[in-house]
Amino acid sequence: MQDAAGAVVAFEHVTKRYGRSGGPPAVDDLTFTVAAGEICVLVGPSGSGKTTTMKMVNRLIEPTSGRITIDGQDVMSLPAVELRRRIGYVIQQVGLFPHLTVAENIAVVPGLLNWDKPRIQTRVEELLDLIGLEAGSYANRYPAELSGGERQRVGVARALAADPPVMLMDEPFGAVDPIRRDRLQNEFLRLQDKVGKTVIFVTHDVDEAIKMADRIAILQRGGRLAQYDAPAAILAEPASEFVEHFVGADRGLKRLSLNRVSDLELTHPIVVRAGDDRAAARARLRDGDGAGYALLVDAEGRPIGWIDDDELAGGGTITANAARAGAVTVEPETTLRDALSALLGSSVMLGVVVDERERVIGLVSVESISDRLRQAGSPT
Amino acid sequence: MNAGEPFIRFDWIIDNLDQIGQRLGEHVLMVVASVLIGFAISFGLALLARSHRWTYGPIIAVTSTLYAIPSLALFVLLIPITGLSLTTGIVALVLYTLLILVRNIVVALDGVPPEVVEAATGMGYGPLQRFWRVELPVATPVIVAGLRIATVTTVGLVAITTFIGLGGLGYLIINSGTRRFFPTSIYVGVALCVVLAVVADLLLLWLQRRLTPWAAAQGR
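Just so you know, the sequences run in chain order A and B. Take the first sequence: its position 115, counting from 1, is numbered 115 in our numbering, and each next residue is one higher. Take the second sequence: its position 101, counting from 1, is numbered 481 in our numbering, and each next residue is one higher.
None of these hints come from the bench; they were simulated from the model. Among these hints, one or two may not hold up.
[What the hints assert, rightly or not] Output of the computed footprint for chain A on chain B, the stretches with three or more beta carbons under 8 Å from beta carbons of chain A:
| id | segment |
| --- | --- |
| 1 | 498-504 |
| 2 | 511-518 |
[Said to hold, decoys possible] One-sided and incomplete, this derived list gives chain A residues near chain B with beta-carbon spacing under 7 Å:
| id | residue |
| --- | --- |
| 3 | Val81 |
| 4 | Ala144 |
| 5 | Arg224 |
The beta-carbon is built from N, C-alpha and C at its ideal position, and this holds for glycine as well.
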């Protein structure tokens with residue numbers, strides 16, 4: 001099935017006041033347009049109305065004045081229930097239905113839309129495949145039988161089920177640890193490359209915003225739009241003191257988040273496997289370009305750890321537990337900032353770039369990152 | 381107990397199987413009827429309490445008061461209306477189930493995780509669909525747990541209806557047992573009450589497992 005591309009979401013003078021009129025607005029006269037197929041990240045401190053802004057799109061909250069349109073159609077012109085079935089919705093705590101299996105959870109919105117059974121089943125299998133969960137072993141599990149990361153992925157699949165042009169994501173990766181968050185972010189970016197939805201994504205984390213966004217809307221207290229621009233532009237030219245302050249003093253460092261590992265020219269490690277001859281491995285290590293380490297991988301090509309000359313001494317073959325230092329892995333979608341941080345924590349100062357199946361595809365070093373920055377020119 | 385009389389008179393049991401069976405049937409009927417009717421009323425009251433929160437306090441106050449009325453007094457109040465009938469017995473038993481069931485259903489529905497409700501709303505369930513297809517199924521294990529308590533309690537309470545000539549197994553205990561100093565009848569009544577309570581409880585537990593296979597996964 002061809003996924004429908006995104007739709008244009010436009011906010012026109014949208015204001016939300018809670019309680020009786022006269023109180024301070026939670027969202028104040030917002031006007032901006034999210035282009036079709038873009039990820040727009042709403043970011044701001046607490047009380048800036050970012051979640052309220054997002055929830056007005058599917059009318060979990062209704063605006064006091066102004067209007068929101070999706071491809072030109074006013075969201076208030078449809079019954080709320082119908083509108084919501086056309087908009088994907090992902091929340092931080094996921095909210096999978098505990099009494100339904102993974103497959104039944106994903107099938108919810110297609111079911112509400114009265115799709116026929118075979119079509120729903122095909123779609124469920126397609127989505128499980130898309131999020132990398134094997135239908136055979138996952139379709140009939142209950143949410144309680146999944147890991148946190150798996151639940152989050154099923155949550156995304158469930159939101160994509162009826163192929164909505166627009167997705168709303170409320171701090172979707174906020175409840176997982178940093179390493180798993182990086183994985184889930186990367187996975188979502190790869191997914192978005194395939195599905196091209198218009199995504200409105202709420203976070204309070206500036207680094208996440210820079211990484212995920214095509215365009216960032218920075219909101220400030222009282223629900224006013226402080227700046228709406230591409231991440232690079234916001235880092236280069238913050239529109240106000242508030243933005244400058246909110247983005248942080250380390251803007252130069254944050255610019256590292258604008259580039260990803262996939263932007264680098266990867267070098268290739270000397271790869272050895274358990275069972276290889278030690279003497280031959282030593283020879284390759286000497287002829288190599290001087291890093292002085294060989295990377296030990298398992299039968300599937302997944303990294304185990306680093307081996308140096310000393311550990312290769314003697315005859316015989318290499319054993320699977322020969323590696324002394326563990327390998328730090330990054331993915332092509334990992335930002336240079338996160339990659340650098342990971343490298344600095346590695347004893348060999350090298351990061352192993354792995355694909356979705358965790359197979360080695362190259363190496364990053366501190367030098368390759370700084371080369372990239374030099375090419376990009378010094379920060380303005 | 382007369383001297384020389386055996387501990388249990390099995391001959392009496394065999395001679396009176398008919399009466400024992402009839403009392404057991406009466407007991408089961410009263411338990412099932414009262415719990416079913418009590419559940420239906422409690423469900424309605426719980427929905428009212430959830431849609432209009434202010435009614436929850438008064439509902440609990442009234443059902444607590446009913447729960448606290450001694451059974452004799454309750455019969456005195458009911459007999460002028462419904463007479464010495466099965467209806468009177470069942471009305472009394474129903475009133476005693478309300479407190480347990482109303483509170484339990486409200487707690488069960490309140491216990492549905494807010495993110496589940498939010499996700500359901502955000503995905504486009506209407507309020508009624510959301511209630512029947514998400515909130516109620518998720519609340520079911522806790523609701524059935526309350527039903528089990530109410531059922532076992534009612535099995536014990538049926539005996540009070542002996543005062544109005546019913547009593548189920550309680551009749552065997554109080555009328556033919558205690559009043560006529562005939563222990564065998566007491567033993568039979570008590571033993572069957574216990575068996576009935578255990579069987580009813582296991583039956584409901586089985587029902588809950590069947591209705592909510594996912595709850596077992598959650599406990600793991």
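Here is how each hint holds up against the structure:
Closer than 8 Å: that is the beta-carbon criterion, and the segment 498-504 of chain B has 7 residues meeting it against chain A, so the requirement of 3 holds. Counting residues of the segment 511-518 of chain B whose beta carbon lies closer than 8 Å to any beta carbon of chain A gives 3, which reaches the threshold of three, so the coverage claim holds. Taken as an interface hint, valine 81(A) checks out: its beta carbon lies about 5 Å from the nearest beta carbon of chain B, inside 7 Å. Checking alanine 144(A) against chain B by beta carbon gives a least distance of about 4 Å; that is within 7 Å, so the hint holds.
At a threshold of 7 Å, the smallest CB-CB gap from arginine 224(A) to chain B is about 26 Å, leaving the interface hint violated.
The structure fails hint 5 only (numbered hints given earlier).
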